[in-house]
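Once you've looked at the hints, dock chain W against the given chain H.
Read off the chains here:
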Amino acid sequence: MPKVVSIHSYRGGTGKSNFTANLATTLAVQGHRVGVVDTDVPSPGIHNIFSLEPEQAPITLNSYLWGEATIEEAAYDVGGAAGIAEAGRLFLVPSSVKADDIARVLKDGYDVKLLNDGFRKLVKALELDYLFIDTHPGLSKETFLSIAISHVLILILRPDKQDYQGTAVTIDIARQLNVRRMLLAINKAYSSLNFDVLRQKVEETYGAPVAGIFPLSEEVVQLASEGVFCTKFPGHPVSREFAKVAAQITAEG
Amino acid sequence: MSKGDFSSLASSIQAVASPFRQYLNDLHERYQGALDGAVADYIPELALADPHWFGICVVTREGQVFEVGDCDQLFTIQSISKAFVYGLALEDHGRDYVNSKVSVEPTGEAFNAIVLDEVTNRPYNPMVNAGAIATADLIKGDSATERLKRMLAMFKRYTGRDLDVNVPVFLSEKATGFRNRAIAYLMLNFGMVTDRVDETLDLYFQQCSIMVNAKDLAMMAATLANGGINPVTGERALDEHYVQDVISVMLTCGMYDYSGEWVYRVGLPAKSGVGGGITALAPGKLGIGTFSPPLDAKGNSYRGIKVCEDLSRDFGLHLFNVAKASRDLDGWLSGSGADSW
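Protein sequences, first through last, are from chains H and W.
So the first sequence is residues 61 to 313, counted in my numbering.
So the second sequence is residues 1096 to 1436, counted in my numbering.
Please note that a few of the clues may not be correct.
[Said to hold, decoys possible] Here are some chain W residues the structure puts well away from chain H; computed CB gaps all over 10 Å:
1) E1157
2) Y1192
3) G1203
4) A1205
5) R1256
6) E1356
[Unchecked claim] Distance condition first, Cα-Cα at most 27 Å in a straight line; then the derived BS3-like pairs of lysine-lysine:
7) K173(H) to K1401(W)
8) K173(H) to K1380(W)
9) K184(H) to K1401(W)
10) K181(H) to K1401(W)
11) K1380(W) to K1401(W)
Rather than coming from a laboratory, the hints here were simulated on the basis of the structure.
Glycine is no exception: its CB is placed at the ideal position from the N, C-alpha and C atoms.
So that you can see chain H by itself, here it is in the shape it has in the complex (with noise of 0.2 Å):
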């Protein structure tokens, strides 16, 4: 059976587009199919780290949402840039950057109906085992579909009391919805915290389980400046929470 996650935070910033994409490169290198889709339609980004530029990538999400084309078609083959070596392991389904595009969107909006048929379709088409939903930050139509329809919502946050609030918000909605399974992730945590303590406090906030704490390092930063981080530094200890993350998600239940 296929599985579906989205990946959410509250507020923006908290490095949501990388992590989807070392999560999901991490998945595809273990040789399962794995399809991205950069739901973020205001602000598109995920791209960038898969280096895909707008020009190679005449066929959007959006493009799909105004009937113009199927979303098999936005789908494109980014394992290569992502440094896996087997084709058809890795897609991304962009979001338009184009600013006309994005101004559309909002002024007309979509029907969420043809986005939950989109993801199906694109499952089939491509017969993915995951499929990773980028959502846009704080509380929309989609990220109130993505998390109805996942198997695993993973929420990130940054150890800050704004993150903390909002993310308690997005939790008390995801449990309504009776979201299946929620994993938190904490980003850009200090080094000087104990991480041991910060997953215990977290878990006991929110009752729900901390998948994998990622510092912010400054030479991340740096090493991560394009490309997917996971696959040029594999042995790096982020790499490696990274696929502590994943283990969770390949896991029944």
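Frame of chain H, contents of chain W only:
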């Protein structure tokens, strides 16, 4: 965002994400290209229907609405009206009197056969033309207009919206309805209908020319499934004592001379019309409305039958089913017990 706003948004998103909606999507996709059969063409207005039109709608007893395809496309209700007008006649006169005028016996004859019970002179059942005309005769009202208004008000209670008569279809039906006219006069000869025959025939042609869509048919069926109360508006459409009368006749006679095989294969009370509609219900659970104009040799919507067969089998909806179905309806509706990926 108030609590009410949140719950309504959450419930609409859950309906979108529901595995049951996905099931219906797949069903629609599976049969979209199954264009066997022919669109009815005994009057020119019906021949205008696009054979590709295809809508599937399910309304649950709780009022959840699932729509796929052409669920807003209007078409004439035709024979589907017969079941509901029968309910109104029962309310107007009670069971005994209505039974004295129209029997409830299935017939292997065609729907437009000129045949009455040789002993009692009653038409066989309210779903064949003879029985439906005798039933229309029973609808109370001082004038043709009032009787039609009462019918339209009754349909509104079932659908939750105002319905109209398609005048060109009505006039065509009236201009070509010689056989129905013959049936009516034969019944007048035996004293089975009152002498306002022409008014009643007009009423009958009008009731068949009411415009509905697949969603209306699902809502009407869901209303019967819900004991006569529209699950969305909460309004009562039919006295609860007569619900079982109506759905019994739908079960035994609703699908023309395919009714026996229908009960065997699908096992749901249903009524079809030559406009391409089928209304079917799982009592206590849900109503189904399908719309697809091409008809099989028996005059039933070809794709509509396919859809009902699959729904009945996959969710164990057959009235006499005692085996565990491959899919649990409640789980699929709520999304909690099913993974449709």
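Comparing the hints with the structure gives:
At roughly 16 Å, the least C-beta separation between E1157(W) and chain H is larger than 10 Å, which holds for a residue marked as non-interface. With a least beta-carbon separation of about 49 Å from chain H, Y1192(W) lies farther than 10 Å from that chain, consistent with its non-interface assignment. For G1203(W), the condition that its CB be more than 10 Å from all CB atoms of chain H holds, with the nearest at approximately 44 Å. Every C-beta of chain H lies more than 10 Å from that of A1205(W), the closest at about 42 Å, which supports listing it as non-interface.
Listed as outside the interface, R1256(W) is consistent with that label: its C-beta sits roughly 22 Å from the nearest C-beta of chain H, beyond the 10 Å cut-off. Residue-level check passed: E1356(W) sits 34 Å from the nearest beta carbon of chain H, beyond 10 Å. The straight-line distance between the Cα atoms of K173(H) and K1401(W) is roughly 25 Å, inside the 27 Å bound, and the hint therefore holds. Taken as a hint, the K173(H) and K1380(W) pair is honoured in the structure, with Cα atoms around 24 Å apart against an allowance of 27 Å.
For the hint pairing K184(H) with K1401(W), the CA-to-CA distance comes to about 24 Å; that is within 27 Å, so the pair holds. Only pairs whose Cα atoms come within 27 Å are accepted, and K181(H) paired with K1401(W) is accepted, the gap being roughly 23 Å. Proposed proximity of K1380(W) and K1401(W) is supported: the alpha carbons are some 20 Å apart, at most 27 Å.
Checked against the numbered hints given earlier, the structure satisfies every one of them.
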